[in-house]
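> Here are the chains, one letter per residue:
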Amino acid sequence: MLRVDVDRVLGAFAIKAAFEAPAQGVTTLFGPSGSGKSSILAMLAGAIKPERGHIAIGARVLFDSRSGVNVPMEARRIGWVFQDSRLFPHLDVRRNLLFGLERAPESARTIGFDSVIQVLGLEHFLARAPRHLSGGEKQRVALGRALLAQPQLLLLDEPLAALDSTRKAEIIPFLSNAVRQFALPALYVTHSLAETVRMSDHLVLIQNGAVAASGPPAALLARTDLPMLNARADTGALIHATILERSIAGALCDIGGAQLRAPVDGAVGERVRLYVFARDVILALQPPVGLSVRNHVTCRIIALSARAQGGVLASLQAGDAHFIAAITEGAVRDLNLRTGLDVVALIKASALEGGTRGLLDALG
Amino acid sequence: MLTPLEWDALRVSLIVGARATVIALPLAVFLAWLLATKRFPGKSFLDAVVHAPMVLPPVVVGYLLLLFLGLRSPVGGFLFEHFGIRLAFTSGGASLASGLMALPLMVRAVRLSIAAIDPGLDVAARSLGATPFDRFWNITLPLAAPGIVAAAIIGFAASLGEFGAIITFAANVPGETQTLPLAIYAALQQPDGDLAALRLCGISIALAIAGLAGAEYFTQRQRAWIDGDTRTFDAAR
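Chains as they are written, first to last, in the numbering used here: chain A, 1 to 364; chain B, 1001 to 1237.
Bear in mind the hints are in silico, worked out from the structure with no lab data behind them. Please note that a few of the clues may not be correct.
Claimed, not checked - The following label-pair restraints were derived from C-beta to C-beta distances:
hint: 1; chain 1: B; residue 1: Pro1132; chain 2: A; residue 2: Ala18; range: 30 to 38 Å
hint: 2; chain 1: A; residue 1: Asp84; chain 2: B; residue 2: Trp1007; range: 55 to 63 Å
hint: 3; chain 1: B; residue 1: Pro1142; chain 2: A; residue 2: Ala303; range: 52 to 60 Å
As the list claims (entries may be wrong) - Stretch by stretch, here's where chain B covers chain A in the computed footprint (C-beta under 8 Å, at least three residues):
hint: 4; segment: 65 to 79
hint: 5; segment: 87 to 98
Note that the coordinates shown come from a computational prediction; the quantities given were computed from them, not determined experimentally. Note that the Cβ used here is the ideal one computed from N, Cα and C, for glycine as well.
Using the sequences and the accompanying hints, generate a full structural model.
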């Protein structure tokens, strides 16, 4: 468990953020540019000193303003991957990778050189100079270098922001696999909804230097009362699905109490993430007859929220799955939609985005 | 081919230049690092002091050295009594004077190359567990290497040409402190010294050309070292 509670004024901007993150998996700090996400990471790393607060990884306190604890950055053992990979230009890839490993305490060396090379696919780059690597390759090396420093926490500060969507789609599996394989907690800072949907095991929403909300990503993204999500044109729901059956047209997926047809890749039994745009969900009071839409999911309305740009967002729940539907005020009035009402959500199979590339293309 | 006096002047020039460079280079690197990366009270004062030899007349620098390090001054007297070190009117003093004159030029060269290093690399090295000295030695120094080599070349060249500070602090002693410029000056003081002065000028010019060629060779070597991996990479493709 990672505990963070930090206050700091930076110029005209105040950061006052408190959250917890699980001991394993990716916790995403999602928020608009300039919301203070990277500064929070810098405080965790020890590059910015909070004016007040507490930072601890499990029982190990890194910073505590009351007891005066402030472990220096070089002793924190926190791996930090930057947007600009910051590889050492005078060292080849191998020397870059070994930089942190050589400086890690002998007793803490559990992440091996060979396993990192293999997980990140770096075999062919070892003798190369950083400037002969592509952007995606640089980020893989930077991630490997951070992992080999034997960190207790990994900080990923917009690691994909400088890459185009093809490169992003290439590198995301490396990121996910590395975090899973080495069983580390990772904090992933991004302003990209697609990366948030694809990467998060736990989600913290950051706005104006403070935590707007935190929790499981699917439940959080389905909330319609949070302004930073509510007003987005691409607002929608994250659905964890398990593939039940495959056909040429796509897959039949179990989403925890209901089933959906979606054009996703993956083998039977595989867990995939689907994203359903609120604008692609239609609500009906009864199951419709004679309609081409394949996905009919009976849901309960758990909240209705007005949007700043007009219209209403309905937050829906079906078993364990959450959806959002974007509808008009007129529809709410005419169908007499209200909290607690059971409705049928109609979703075109082709509107479901699964797979990293699809998400990146759809959400940017 | 050369007279003993000319050999002496050439030898003294090279020794004084080399020693001045060796004395001033570590100090220049340290000062450049301090001025390029640190913020501390009195920084602009230190900056001004480092640059003073560049803007002061060299004779003033030589005279100030004489005041502080001459045998009758407290510091100079102390050094002589306790360590037997005598700087005024010696070859060591000539090296010190020309090193001090070259220092600002050397600091500027190193400082530019340190300032050009992405400060993010230092943060990255720190997050990977590198202590301040570790980062200076393994990140800053190698990345500033081109500037440091340039500083050494500039320092050596400036020392070869130094006149005022040396003649004031170390005097014009043949075989001891008489570098080529001082020998030329001495020759010109003689009624029939024109030819001798001309020959010494020729030696100076030859030395300068050799120095330029040497500097060019080093620059090429350095570029080849930096580009070395390019060729391996291209060959691998």
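> If any of the earlier hints don't hold here, list their numbers in rising order.
none
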